[in-house]
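Chains D and B, in that order, give the protein sequences. No gaps in the numbering here: position 106 of the first sequence is 225 in the numbering used here, and each next residue is one more. No gaps in the numbering here: position 26 of the second sequence is 38 in the numbering used here, and each next residue is one more.
Simulated from the structure, these hints should not be mistaken for laboratory data. All residues carry an ideal CB built from backbone N, CA and C; glycine is no exception. Hints are supplied without guarantee of correctness; some may be wrong.
Capping the alpha-carbon separation at 30 Å, the derived lysine-lysine pairs in DSSO-like fashion look like this [to be verified]:
| # | chain 1 | residue 1 | chain 2 | residue 2 |
| --- | --- | --- | --- | --- |
| 1 | D | Lys307 | B | Lys92 |
| 2 | D | Lys253 | D | Lys292 |
| 3 | B | Lys92 | D | Lys302 |
| 4 | D | Lys307 | B | Lys25 |
| 5 | D | Lys302 | B | Lys25 |
| 6 | D | Lys307 | B | Lys33 |
| 7 | D | Lys292 | D | Lys323 |
| 8 | D | Lys326 | D | Lys292 |
| 9 | D | Lys302 | B | Lys158 |
| 10 | B | Lys25 | D | Lys323 |
| 11 | B | Lys92 | B | Lys41 |
| 12 | D | Lys253 | D | Lys284 |
| 13 | D | Lys124 | D | Lys186 |
| 14 | D | Lys323 | D | Lys193 |
| 15 | B | Lys25 | D | Lys173 |
| 16 | B | Lys25 | D | Lys253 |
In silico negatives: residues of chain D with every beta carbon more than 12 Å from chain B [unchecked claim]:
| # | residue |
| --- | --- |
| 17 | Asp157 |
| 18 | Asn225 |
| 19 | Glu258 |
| 20 | Leu327 |
FRET-style restraints, in silico, Cβ to Cβ [claimed, not checked]:
| # | chain 1 | residue 1 | chain 2 | residue 2 | range |
| --- | --- | --- | --- | --- | --- |
| 21 | D | Gly149 | B | Arg219 | 50 to 58 Å |
| 22 | B | Gln127 | D | Gln277 | 31 to 39 Å |
| 23 | D | Gln306 | B | Ser23 | 12 to 20 Å |
| 24 | D | Asn249 | B | Gln150 | 25 to 33 Å |
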Amino acid sequence: MSDFKALSESVTKGDIKMAVAETQSALDAGVSVQDILDKGLIATMDEVGERYSKGLIFVPQMLRSAKAMQECTKLLKPFFREGDVISKGKVLIGTINGDLHDIGKNLVAMMMEGAGFTVTDLGVNVSPENFVQKTQEIEPDIVAMSALLSTTMPAMSQTIEALQKAGLRDKVKVMIGGAPVTKEYAQKIMADSYASDAGSAVAKAKKLLGVP
Amino acid sequence: MLIVGEKINTSRKSIEEAVRKRDAASIAKVAREQADAGAHYIDVNAGTFLDQEVDCLCWLVETIQNEVALPLCLDSPNPKALYEAMKRHKGEPMINSISLEEGRFQAILPIITSQPCHIVALCMAKTAMPTTVEERVQVGSELIEKLTDEGIPLEKIYVDPLVQPVSVNTSMGIATLGAINKIMNDFPGVNTICGLSNISFGLPERRLINRNFLALCMSYGLSAVILDPTDQQLMATLITVEMLLGRDEYCGNFIDAYQNGRFTGC
Numbered sequence: 120m121s122d123f124k125a126l127s128e129s130v131t132k133g134d135i136k137m138a139v140a141e142t143q144s145a146l147d148a149g150v151s152v153q154d155i156l157d158k159g160l161i162a163t164m165d166e167v168g169e170r171y172s173k174g175l176i177f178v179p180q181m182l183r184s185a186k187a188m189q190e191c192t193k194l195l196k197p198f199f200r201e202g203d204v205i206s207k208g209k210v211l212i213g214t215i216n217g218d219l220h221d222i223g224k225n226l227v228a229m230m231m232e233g234a235g236f237t238v239t240d241l242g243v244n245v246s247p248e249n250f251v252q253k254t255q256e257i258e259p260d261i262v263a264m265s266a267l268l269s270t271t272m273p274a275m276s277q278t279i280e281a282l283q284k285a286g287l288r289d290k291v292k293v294m295i296g297g298a299p300v301t302k303e304y305a306q307k308i309m310a311d312s313y314a315s316d317a318g319s320a321v322a323k324a325k326k327l328l329g330v331p
Numbered sequence: 013m014l015i016v017g018e019k020i021n022t023s024r025k026s027i028e029e030a031v032r033k034r035d036a037a038s039i040a041k042v043a044r045e046q047a048d049a050g051a052h053y054i055d056v057n058a059g060t061f062l063d064q065e066v067d068c069l070c071w072l073v074e075t076i077q078n079e080v081a082l083p084l085c086l087d088s089p090n091p092k093a094l095y096e097a098m099k100r101h102k103g104e105p106m107i108n109s110i111s112l113e114e115g116r117f118q119a120i121l122p123i124i125t126s127q128p129c130h131i132v133a134l135c136m137a138k139t140a141m142p143t144t145v146e147e148r149v150q151v152g153s154e155l156i157e158k159l160t161d162e163g164i165p166l167e168k169i170y171v172d173p174l175v176q177p178v179s180v181n182t183s184m185g186i187a188t189l190g191a192i193n194k195i196m197n198d199f200p201g202v203n204t205i206c207g208l209s210n211i212s213f214g215l216p217e218r219r220l221i222n223r224n225f226l227a228l229c230m231s232y233g234l235s236a237v238i239l240d241p242t243d244q245q246l247m248a249t250l251i252t253v254e255m256l257l258g259r260d261e262y263c264g265n266f267i268d269a270y271q272n273g274r275f276t277g278c
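If we strip away everything but chain B, and leave its shape as in the complex, we get:
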């Protein structure tokens, strides 16, 4: 399971402040914590800075890669921010994201074909959000076909099937799960990725819902996830489910996690 650490997002107050003050030590600390907790990519999002997003994102890329030897997930719909951040990035970043939204595909395409990278393909249609499994699969398939036509290898594509709140429509959980399953079956080798927290909007005990949803997503074939790797209970769920799905030889990771005290308090 590929883990993208979600904590460096300026919609969080402490991160916003650290970026505003160019407080490199605070940012480095959050990057380090996530790396130590098992993140494979560190997500960076400076969207709240609006017209200063480009500068902030570039500063974040340099600051984080000075601290940890990990690739980053550059999280923005803004082509200019992605382009500038990518120039400063060491190694192959993950670009989050491209979609079928009006203008977005054409704007992001030249960036992701300019140098090797991984790409999140968000299942947003041209003028609407898909609601059913079928709509999600249709948008996802179209994105996969368009991206592979441009020479991007299937293994570098991460389809995000969109997660919508189950509080508003109780079939939204199944809609995401079904889409993960179908896309993984239809395009062997492709990845699927999603964030978890949208599922629990409007309900109490959101962390409980999120981690159970993670387990379900994994059992339907999800291969990458955007989450807070410093959330012990969430990571304990991930490690346990990996084992139960037969992806943990001799249950080694599970036992290691236990022996390293990573399950205390779960």
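Chain D extracted, bound-state conformation:
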């Protein structure tokens, strides 16, 4: 881990130039792409997410770190070979039917990606049918739903019912979140997990799938 101290620091600070330079020098030194990704970038972003959850850092700082990571990942991409880099899991995410708010959902998607999940973002106003269809198509491990309006929350339970009807409910874990959403509501509609912010969404997703 100490090998990645400078990279980790620059991603934490959101210093894109420095982070990219550190990634490049690690590559030049022959460090494995998998290690740079896991021990350098993802481990750092895990910590960033945790610090955000605890209120130690704030949204712009988290965004900046994520941006730095994205730029570093671009450098690594050409070296990825099939089967080289193992994803933590597939996440299908969207803001539910009738709701156009995407800020929270985007933060969660970004942090999930930063943590090493493969994320498919369906955008806003996603109908239950749309969630079902995409679930059939890409077979995600997690379906994550977001709502900002209390009045649109029932669409979460409708989506879960639709997954059930399509015979998909047992094949995925369902996570929900958003300002009006509570842990109690998640239990009531039989979602598998609730997360209160983007940082804890990552922790909950890992827990659900039993990945480190």
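Starting from the structure of chain D, add chain B where the hints point.
For chain B alone, kept in the frame of chain D given last:
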């Protein structure tokens, strides 16, 4: 500056509990506090009750209007809740809100044309949230035109330009301010309204950010605001900025507020 008191919203734990228990005294107290602090309208939102929203909203309307002689701002996207609450409301309510979102305009329209009321026109487009000044102005203008075509007077329309967090995109403050300015200039007589707290999502010292944003909004022409009127520092900002913008003859309100101890601790 027209003030809508925001505190009676069931997304707040204490209000949720009071509504659940039908604790009229607690609700009356929060309504009274806001009226005494200078609110012109009392916002009521029972959205968290989902399928019981209609009953809760109606109960709130009656409970609050038994206590204070103020009109209410009926805050819900649910046409049925708005319709039932409006029937029980004394005087002209403010309806919060109509927008261009799919189905929403057509669903809310018959309600707001059925009796005199004020209407908040939220700058939500059909399938997306506007991000730039131009997008906000475009949606706002379309809403104003559609509403005035239906015979609603310009003075009763309150365009909400949408406030989005500056933490996510640093141009979001300017996007709202620019939209307020343009809409107020393009449609003389129309009102603009917004809540403040979205601006500070994801940042520390949110109240500090909110009250500075209020001052900026006012200087760009905002004519109504949804806020907590019992927040002394926020109200002190509002009163001071009104004076600085030349809307306080002989600085009377400012001096009154000072003499009544409303600036202590600011």
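Here is how each hint holds up against the structure:
1. D:Lys307 / B:Lys92: holds (25 Å)
2. D:Lys253 / D:Lys292: Status holds; Cα separation ~14 Å.
3. B:Lys92 / D:Lys302: Holds, at about 28 Å.
4. D:Lys307 / B:Lys25: holds (19 Å)
5. D:Lys302 / B:Lys25: Answer holds: D:Lys302 to B:Lys25 is near 14 Å, not above 30 Å.
6. D:Lys307 / B:Lys33: holds (21 Å)
7. D:Lys292 / D:Lys323: holds (11 Å)
8. D:Lys326 / D:Lys292: holds (11 Å)
9. D:Lys302 / B:Lys158: It is violated: about 41 Å lies between the C-alpha atoms, which goes past 30 Å.
10. B:Lys25 / D:Lys323: holds (25 Å)
11. B:Lys92 / B:Lys41: Since the Cα atoms of B:Lys92 and B:Lys41 sit roughly 27 Å apart, the hinted pair holds (cutoff 30 Å).
12. D:Lys253 / D:Lys284: holds (15 Å)
13. D:Lys124 / D:Lys186: Holds - the C-alpha atoms of D:Lys186 and D:Lys124 are around 18 Å apart, at most 30 Å.
14. D:Lys323 / D:Lys193: With Cα atoms ~27 Å apart, D:Lys323 and D:Lys193 stay inside 30 Å; holds.
15. B:Lys25 / D:Lys173: holds (22 Å)
16. B:Lys25 / D:Lys253: It is violated: about 37 Å lies between the C-alpha atoms, which goes past 30 Å.
17. Asp157: holds (28 Å)
18. Asn225: violated (8 Å)
19. Glu258: holds (27 Å)
20. Leu327: holds (25 Å)
21. D:Gly149 / B:Arg219: 50 to 58 Å: holds (52 Å)
22. B:Gln127 / D:Gln277: 31 to 39 Å: Holds: the Cβ-Cβ distance is about 33 Å, inside 31 to 39 Å.
23. D:Gln306 / B:Ser23: 12 to 20 Å: 19 Å Cβ-Cβ, so the 12 to 20 Å window holds.
24. D:Asn249 / B:Gln150: 25 to 33 Å: Given range 25 to 33 Å: holds, Cβ gap about 27 Å.
Violated hints, listed in ascending order, are 9, 16, 18; each of the other numbered hints is respected by the structure.
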